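Trainee: Taken in order, these protein sequences are the chains called V and R. Counting in my numbering, the first sequence runs from 74 upward without gaps. Counting in my numbering, the second sequence runs from -16 upward without gaps.
Calculated directly from the structure, the hints in this document are not laboratory data. All values derive from a computational prediction rather than experimental measurement. C-beta atoms are modelled at their ideal positions from N, C-alpha and C, and glycine is treated no differently. Heads up, some of the hints might be wrong.
[Said to hold, decoys possible] Now the stretches of chain V that chain R is said to cover, found in silico as 3 or more residues with beta-carbon under 8 Å:
id : stretch
1  : 203 to 214
2  : 304 to 318
[Claimed, not checked] In silico SDA-like pairs for lysine to any residue, Cα to Cα no more than 25 Å straight-line:
id : chain 1 : residue 1 : chain 2 : residue 2
3  : R       : K6        : V       : I214
4  : R       : K6        : V       : L223
5  : R       : K214      : R       : T43
6  : R       : K214      : V       : L338
7  : R       : K214      : V       : K213
8  : R       : K6        : V       : I225
9  : R       : K6        : V       : V273
10 : R       : K6        : V       : G217
11 : V       : K213      : R       : K261
12 : V       : K213      : R       : T43
[As the list claims (entries may be wrong)] The following residues of chain V were derived to be distant from chain R, with all beta-carbon distances above 12 Å:
id : residue
13 : D164
14 : Y166
15 : G184
16 : E277
17 : D282
18 : T337
19 : G349
20 : A354
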Amino acid sequence: MSLDLPTRADHQKTASANTPPRTPRGRGEGRERPARRSGALPGTVASYVTMVVAVAVMSVPLVWMLFASFKQPDEIYSIPLQWLPGSFAPDNYAQVADTLPIGRLFLNSLGLTIVGSGLKMLLGLCCAYALVFLEFPGKKIVFGVVIFALLIPQQITIIPNYTLVASLGWLNTYQGILVPGLASAFGTFLFRQHFLTLPVSILEAAALDGAGHWRRLWGFVLPMSLPTIAAVGLVSMVAEWNEYLWPFLVVDNAELMTLPVGLTLLQNVDGLNNWGVLMAATVLVTAPILAVFLVLQRRLVAGLTAGAVTG
Amino acid sequence: MSYLTFIALAGPNVALLVVFVYKPLVQSFQYSTLQWNIGSPTARSVGLGNYVDWFQDPRTPEILTTTAIFTITTVGGSLVLGLLLALLLNQRLAGRGIARTVAFAPYVLSGIAVGMLWLFIFDPRYGLMSTVLAWIGLNSPDWYNDGPWALAMVIIVYLWKNIGYVALIYLAGLQAVPQDLRDAAALDGASSRRTLVSIVLPLLGPTTFFLSVTTLLSSLQSFDIIHAMTKGGPLGSTTTLMYQIYQESFVSGRAGYASAVATILFGILLVITLVQLKFVERKVHY
C-alpha cells in the first residue's frame, strides 16, 4: 500500500538533456532508509493533523462516490445528509446496465487499452532499437521527427485527423479510435535513453553468436529493459483507459463506446436528477484503474518520475 | 541490409507520426485560412480572415481572461500545495506511505469521472460541499449557475486531481537533496526553517522548473473536467481556449475558425516549450 519513490540521487544532473537518465528501478534501491534520508524532523502533532486533513480531502470524495452509488434517491435527496446508504443492494448498478451496454463498454475499454498500449510499446521499442543499434544515413533526422512530435499537442491535430478518419469511413469503428493515437514519441524517447545505457558488449557477443537483430531485440535488449518497459507501459495504459476527447468524437454508437464516453452519454440521458446511478457508473469507470494503481503503483510511479527526469 | 532492417523497425512508427501528427499540423494551418464547416464539401479561402475575426470578436478578451485565470491558479495552486504536501509527507510520519498513495490516487483517474463525482459534491442543495460549508457557517454559492463560482469550481477540481502528481515529483526531488548538506547546516546551527529556505528550496529549482512547464502545458490543454462539469458555461464563463476549439469545431461546426484558434494556442504552447528548452540547454538550474 505504501508509496515508495525510486531513488534519484543524481536528479539535478539528469535534468539536463545530454546526460543519459537513470531509469528508476523499483526493487531494492527504491526502499527508503527513514533514519537517514528523510526530513530532519520527526513528526509533530501539527504535522499529523495536517496529514489527516490532507488524506481526508483526497479520499472522502471517493468514499462519498462509493456510498452514493448504493443510495436510493430519497437517501441522496435528504437534508441533513445521510452518510451511509440504507443497504448495499446494487440497484443503481442494475439501472446503469439497463441504460448502457455496460459489459460491452467495459470490454471496449479493456480491449482498446491493451491493444492500444501494446502496439504503442511495440512501435516504440522497435523504433528505439533502430535508433540506437542500427546505422542509417538520416538517423538524426528520424530522431528529430520523433522528438519534435512531442511538442505538437493533440488539439492542433484533432480537426484534420477527424476529417481523415471520416473520409476513410472509420467513424464508429475501433480502428478509428485506435490508429491515430498509436504513434509513439514519448515512449520511443524514453526507450532510446534507456537503450543507450545498456552494455554494448553483450549485444556484440550475441551478434558473434549469430543472433539477428530481431533476436537481439527480444532475447537481450528486452529482458534488460523490463523495469523501463513496465513503467512506460503502465503510464500508457492509464492514459489509454482515461482517454476521452478522441473516442468521444469518433464514436456515437453505444456498442463501440469506451467507459468514459458512456459515462457522459448516461449524464445526457439521465440528466442530473439521478446521482445514484451516475455515481454507480463513475465507480465502474474509476474502480479498475484504482485497483491497478494500488497493486502496481511503484512501477507506475517509476514511469512518471522517469518522465520528470528526462523532461 | 542494415538500412532495410532500420526501415522495417523504425518505419511504422515514423510513418504513423507523419500521417497522424505532422500532416495534420500542416493541414491545420491550411484550414485556418478557410471559411469551412466540418464535414462540408466546400470551403472558401479567407486568408487571415479567421485570425482577424478572432482578434475582433468581443468574446475573445473574456476567453483569454478565463484561460489566464484558470491556468495561473491551477499552475500556481498545484505547485504551492504540491510542494507543501511533499514537505509534509517527507517527514518521518507514521502512515505517510498510505497518505502518499491516497494523495496520488486521483491523478490516475479519468478526468470525466472526476468531474462527474465533483459535480455531485458541488450540488448546491444536496451536495457534500454545502454541508461542509454549513459546518463553518457559510452558505453554498450557486456553483452551477454563477459564472465566477463555476470557474472556481472547475479550478478546485483540477487542483484536487493534479496535486498528487506535483507532490510526487517534489518528493522525488526532495530525496535527491543530499543529507550531508542538511547535516552540515544543522551542525552550523541553522534552524530547520532556515535549512528549508536556504538549502532545500534552491536545490528544488530544477524540479520546480520542470513542474511549472509540464503543469502549464497540461493546464492549457485541459478538457475533460470542464466538459464533464460545465461544458464551458454558464454563459461561457468557464470556456478556455482549448474548450473554445472544441466548441467551434464540433458544436458550431466552424472548423476553419477553430483551426485558427488552435494555431494560436499552438503558438502559445510552442513559445513555452522553447523557453523551457533554452533553459535546459543553458543548464540554469539554481
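Trainee: List, from low to high, the hint numbers that the structure doesn't satisfy.
Mentor: 7, 9, 12, 18, 19 and 20
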